[in-house]
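Trainee: Listed here are the chains, written in short residue letters.
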Amino acid sequence: MFMQNNLVLVNIGNHFDLKASVFQAPRRGIYSFSFHVVKVYNRQTIQVNLMQNDYPVISAFAGDQDVTREAASNGVLLMVEREDRVYLKLERGTLMGGWKYSTFSGFLVFPL
Amino acid sequence: MFMQNNLVLVNIGNHFDLKASVFQAPRRGIYSFSFHVVKVYNRQTIQVNLMQNDYPVISAFAGDQDVTREAASNGVLLMVEREDRVYLKLERGTLMGGWKYSTFSGFLVFPL
Amino acid sequence: MFMQNNLVLVNIGNHFDLKASVFQAPRRGIYSFSFHVVKVYNRQTIQVNLMQNDYPVISAFAGDQDVTREAASNGVLLMVEREDRVYLKLERGTLMGGWKYSTFSGFLVFPL
Numbered sequence: 101m102f103m104q105n106n107l108v109l110v111n112i113g114n115h116f117d118l119k120a121s122v123f124q125a126p127r128r129g130i131y132s133f134s135f136h137v138v139k140v141y142n143r144q145t146i147q148v149n150l151m152q153n154d155y156p157v158i159s160a161f162a163g164d165q166d167v168t169r170e171a172a173s174n175g176v177l178l179m180v181e182r183e184d185r186v187y188l189k190l191e192r193g194t195l196m197g198g199w200k201y202s203t204f205s206g207f208l209v210f211p212l
Numbered sequence: 101m102f103m104q105n106n107l108v109l110v111n112i113g114n115h116f117d118l119k120a121s122v123f124q125a126p127r128r129g130i131y132s133f134s135f136h137v138v139k140v141y142n143r144q145t146i147q148v149n150l151m152q153n154d155y156p157v158i159s160a161f162a163g164d165q166d167v168t169r170e171a172a173s174n175g176v177l178l179m180v181e182r183e184d185r186v187y188l189k190l191e192r193g194t195l196m197g198g199w200k201y202s203t204f205s206g207f208l209v210f211p212l
Numbered sequence: 101m102f103m104q105n106n107l108v109l110v111n112i113g114n115h116f117d118l119k120a121s122v123f124q125a126p127r128r129g130i131y132s133f134s135f136h137v138v139k140v141y142n143r144q145t146i147q148v149n150l151m152q153n154d155y156p157v158i159s160a161f162a163g164d165q166d167v168t169r170e171a172a173s174n175g176v177l178l179m180v181e182r183e184d185r186v187y188l189k190l191e192r193g194t195l196m197g198g199w200k201y202s203t204f205s206g207f208l209v210f211p212l
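Protein chains in written order, with our numbering: chain A, 101 to 212; chain B, 101 to 212; chain C, 101 to 212.
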């Protein structure tokens, strides 16, 4: 049973659009998701949403103007149906200066 | 066995007192807890403690004066006895400007 | 099977060198690691690397000059071989002002 767990290990790698890193759930269950999206040399405020099937679930912000690198971080346990898609969306701001060191991870805590 | 896992998915929802969102452990084991408490339009420094039965285990801080939203985040693996209570406490500062986007989650990693 | 999980619960406790808190994997599998390294009264920028067998996997930064306590946080799911060593390394800056409230945790998500 446990081997049916699925995992995501991604350094977000798509340009100006975080949407390409989509996790699609292999089965129904409770999943743990967390993300740290880092903005680099960028004075804008960014807002990152964790999306489930095009609906925002949680958000995180990074808005410090005087800091080289700052992370918008959050995490959540989610009830996910089979084939639900979970991904990050940059709701506000850009990642023009880069997003190196960003992470997005999720795993099945237990199946339902 | 795995189905006996328990979970918390809360957006903290009680006014000026985080204490109402209490997780009570259904069984002995190692639990993973993490939290992101966001202060909004608030120049105070906040300190958030993760409490286990009225004792602080870990703390997190948010103290930037010039940032609209900032999170006090931390996480930990805890050995928890059955019926232990785990919750967040605002040790310092207030959440007067709001705490939207805050999360507190925990799950059983393995039973003991 | 589940009882063979291993866990780390550490408040980083070695001076100026985070390397002493090494997690050595008891078995092959996917592990979840996360850390929050807090700098206190310290105007330097710190960079913290999560190391796997002396290679950096992810990094986090804290560089705000005007804030008393700030955390460099990140987390990741890692494929770990038996006896791999995972630890934190302070790649840049010092923790001269202290690192109280820092955490480093990891657990086996599922064996391989």
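Hints were generated in silico from the structure; no laboratory data involved.
Among the clues, some could well be false.
Heads up, the list lumps identical chains together, so a pair's fine if it works in one copy or across two of them.
Said to hold, decoys possible - Under the rule of at most 25 Å between Cα atoms (straight-line distance), these lysine to any residue pairs were calculated in the SDA-like manner: (1) Lys189 with Tyr155; (2) Lys200 with Phe210; (3) Lys200 with Gln165; (4) Lys200 with Asp166; (5) Lys189 with Lys200.
Trainee: Hint by hint, say whether it matches the structure.
Mentor: Tested hints:
no. : hint               : verdict
1   : Lys189 with Tyr155 : within (10 Å within a copy, 30 Å between copies)
2   : Lys200 with Phe210 : neither (31 Å within a copy, 27 Å between copies)
3   : Lys200 with Gln165 : both (18 Å within a copy, 21 Å between copies)
4   : Lys200 with Asp166 : both (18 Å within a copy, 24 Å between copies)
5   : Lys189 with Lys200 : both (16 Å within a copy, 18 Å between copies)
Hint 2 from the earlier list is the only one contradicted by this structure; the remaining hints agree with it.
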